[in-house]
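Novice: Sequence:
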Amino acid sequence: MPNESRLTSEGNSRIEIKKSIFIGHCAKVESPAEAADFIAKERKTYPDARHICYAWRTGGDSANQKSSDDGEPSGTAGQPLLALLTDNDLNNTIVCVTRYFGGILLGKGGLMRAYRESGLKALSDGKPVMMTEGRRLTVRCDYAFYEKLSRKASQKEWTCENISYDSVVSLSLLVPEEEVSEAETFLADESCGKVVPEDGGGIMIAGSGISLT
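Residues are numbered in the working numbering as their position in the sequence shown, beginning at 1, plus a constant of 1382.
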């Protein structure tokens, strides 16, 4: 699986340059159809805006990406926004910048800088994280052992999700690939061999936060 980064939330920005207002908005999208829906909602939100420019990227595949200058001079809006996504390996992400024209021309260079700044601020507000290769382990254990596992997971920054409380606790434990052996050893040793996880396969999991460039 390739290295990539993703947003953890929607992000917003608003800047003013020579009386023009640039409103940035970014979000997670999983497909071109979701990207199209996002753009349609932006147009409904800002029906009187002069330009609504955007870039999106899904699937980590260069074929699944698109950008638009929406009437701005060619290459001044969509391409700078798309470069933010590709240069920072941001996947499954859309960034949209709406412009209200202030009556003062910014020039090609000024426009590129304005759209990039607005997009960058919105993406940073979306709290991007680096995704790393990991594995999903399905665990079933008693409540006493679950308390031990919770403490260990907190110390190691492993993720417990899909937790079900019944006669036993069932959960998915998300662990970085390089720590799978450590997790399996912990489960076996601390439970005296009673907890044997099921391998749920490889996944991408959220790692540390990153600063965009």
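Note that these hints are calculated values from the structure, not bench results. It cannot be assumed that every hint is accurate.
[Unchecked claim] Below, in silico cross-link-like pairs of lysine to aspartate or glutamate (EDC-like), each with a Cα-Cα straight-line distance of 16 angstroms or less:
| hint | residue 1 | residue 2 |
| --- | --- | --- |
| 1 | Lys1509 | Asp1430 |
| 2 | Lys1538 | Glu1559 |
| 3 | Lys1503 | Glu1572 |
| 4 | Lys1410 | Glu1499 |
| 5 | Lys1423 | Glu1392 |
| 6 | Lys1530 | Glu1559 |
| 7 | Lys1448 | Asp1419 |
| 8 | Lys1509 | Glu1386 |
| 9 | Lys1534 | Glu1566 |
| 10 | Lys1530 | Glu1564 |
| 11 | Lys1503 | Asp1571 |
| 12 | Lys1400 | Glu1499 |
| 13 | Lys1576 | Glu1566 |
| 14 | Lys1538 | Asp1524 |
| 15 | Lys1538 | Glu1561 |
| 16 | Lys1538 | Glu1499 |
| 17 | Lys1490 | Asp1524 |
| 18 | Lys1534 | Glu1499 |
| 19 | Lys1410 | Glu1424 |
| 20 | Lys1448 | Glu1499 |
| 21 | Lys1576 | Glu1499 |
| 22 | Lys1538 | Glu1564 |
| 23 | Lys1530 | Glu1572 |
| 24 | Lys1530 | Asp1571 |
| 25 | Lys1534 | Asp1507 |
| 26 | Lys1448 | Glu1392 |
| 27 | Lys1448 | Glu1398 |
| 28 | Lys1509 | Glu1560 |
Nothing here was measured: the structure is a model prediction, and the numbers come from that model.
Novice: Against this structure, judge whether each hint is valid.
Specialist: For each hint, the structure was consulted:
no.	hint	in the structure
1	Lys1509 - Asp1430	violated (29 angstroms)
2	Lys1538 - Glu1559	holds (13 angstroms)
3	Lys1503 - Glu1572	violated (46 angstroms)
4	Lys1410 - Glu1499	violated (19 angstroms)
5	Lys1423 - Glu1392	holds (14 angstroms)
6	Lys1530 - Glu1559	violated (21 angstroms)
7	Lys1448 - Asp1419	holds (14 angstroms)
8	Lys1509 - Glu1386	holds (14 angstroms)
9	Lys1534 - Glu1566	holds (12 angstroms)
10	Lys1530 - Glu1564	holds (15 angstroms)
11	Lys1503 - Asp1571	violated (47 angstroms)
12	Lys1400 - Glu1499	holds (14 angstroms)
13	Lys1576 - Glu1566	holds (12 angstroms)
14	Lys1538 - Asp1524	violated (21 angstroms)
15	Lys1538 - Glu1561	holds (9 angstroms)
16	Lys1538 - Glu1499	violated (36 angstroms)
17	Lys1490 - Asp1524	violated (64 angstroms)
18	Lys1534 - Glu1499	violated (41 angstroms)
19	Lys1410 - Glu1424	holds (14 angstroms)
20	Lys1448 - Glu1499	violated (19 angstroms)
21	Lys1576 - Glu1499	violated (54 angstroms)
22	Lys1538 - Glu1564	holds (10 angstroms)
23	Lys1530 - Glu1572	holds (8 angstroms)
24	Lys1530 - Asp1571	holds (12 angstroms)
25	Lys1534 - Asp1507	violated (30 angstroms)
26	Lys1448 - Glu1392	violated (19 angstroms)
27	Lys1448 - Glu1398	violated (26 angstroms)
28	Lys1509 - Glu1560	violated (25 angstroms)
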